[in-house]
Amino acid sequence: MINKLILSLCFTLLLFNSGYAEPIHKTGYPTLNFSKIVVPEAPPVASVMVAYMDIANMSNQKQTISSVSSEQFKRVEIHSMSMKNDMMTMERLTSLSINPGQTIALESNGLHVMLIKPKKTLTKGDKVELTFKLSSGEQITVSSYVKLINNNDHHH
Amino acid sequence: MTDNNQVTDRKIKPFLLLAIAAISILLGIWVSNFNIKTTATVPKNLEATLLERSKPVTSFSLVDHDNNEFNLQSLKGNWSFLFFGFTNCPDVCPLALQVMRSVWKTPALQKSIATNTKMIFVSVDPDRDKPEHLKSYVQYYNPEFIGVTGKQDQIDELTSQLGILYGFDDPNENGDYNVSHSGQIILIDPQANMRAVFSPPLTPQSISKDFIAIQKFVEDN
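Protein sequences, first through last, are from chains A and E.
Per our numbering, the very first residue in the first sequence carries number 1; after that it's consecutive.
Per our numbering, the very first residue in the second sequence carries number 157; after that it's consecutive.
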């Protein structure tokens, strides 16, 4: 009888642990790793903000970000900035693919996440949450705090 | 008589030749000194592009963020840093204004900043950037900064002579549009001559260093 109880307890613990292990695996080892996230403070009247970061593909297959969203902004888009015809030209990317093992830097004068029409003014220290949706269906939410940039030090 | 003339000629000729030689030597020294002086004062190792010949800015008419006239006269009597962009710009314009703010705070520039320097952000997007909006935007970076805009053809009067390019993208499904634009900061001297161009990547350190050298060069000439 005691043996049966111990056995069922072990079984329950095993079930509990295996059930609990999955989200840990998801959050602890995401397919994409986001680091160096910086959201510079913008003038309160600005209708756009920007987020810079490094995105590393930790998986062994190509990952594609199909959209980005945030409850704090009306829209979030991934943009590229490049020099065309002697002008700094911004283009919206409909998706962003990252090869296995590759790290893409989103930084000024290059790629960036554009945060459009903040629902409330965000200033230094405010938390910003962004959800990246992958074409695989996976969603990864990351956060950072608005930072006051005193210089052009948001370059990596 | 002829003999006397010949004697006089013989006496004069060596003196004349000596005088010409002496004048030539002095002229040569003067010219070489002049050249040495000119080349010596041209700043070296600039990251900015210093115009070989300064280019006078000609008449234009815009408004500042208080709806006051901003024209050629507004550029006279002070050094002006001009950047052209728009306030819906997420990346390039904020970065340029942050750099301008850092230049403004450079300790070595405090004397000229306090007396005769202006930082000017010209919006090429007058439909969205009304003067009062522009004021709040630029003064976030520094209360002394000046926002300027105007009608499109008035803006073109200034951009065309400074080599600034810009263009509007088609609006997207939300009605938003992007503005492509030059990323340079233009430096204008107190006589309203275009003097130098700072091209990306812009850093406050290089702009400050170059500004000090260019100021000295212009004042010495």
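None of these hints come from the bench; they were simulated from the model.
We put the beta carbon where it would ideally sit given N, CA and C, even for glycine.
Hints are not guaranteed to be accurate.
Unchecked claim - Quick list of the computed label-pair ranges, beta carbon to beta carbon: (1) S355(E) - A105(A): 19 to 29 Å; (2) S80(A) - N234(E): 32 to 42 Å; (3) P44(A) - G233(E): 50 to 60 Å; (4) S217(E) - T121(A): 46 to 56 Å; (5) Y333(E) - K147(A): 23 to 33 Å.
Claimed, not checked - Quick partial rundown of chain A residues pointing at chain E, CB under 10 Å, derived from the structure: (6) V38; (7) M49; (8) T89; (9) L93; (10) A105; (11) M114; (12) K120; (13) L134; (14) S135; (15) E138.
Subject >> Non-conforming hints, listed in increasing numerical order >> reply: 3, 4, 6, 9, 10, 12, 13, 14, 15
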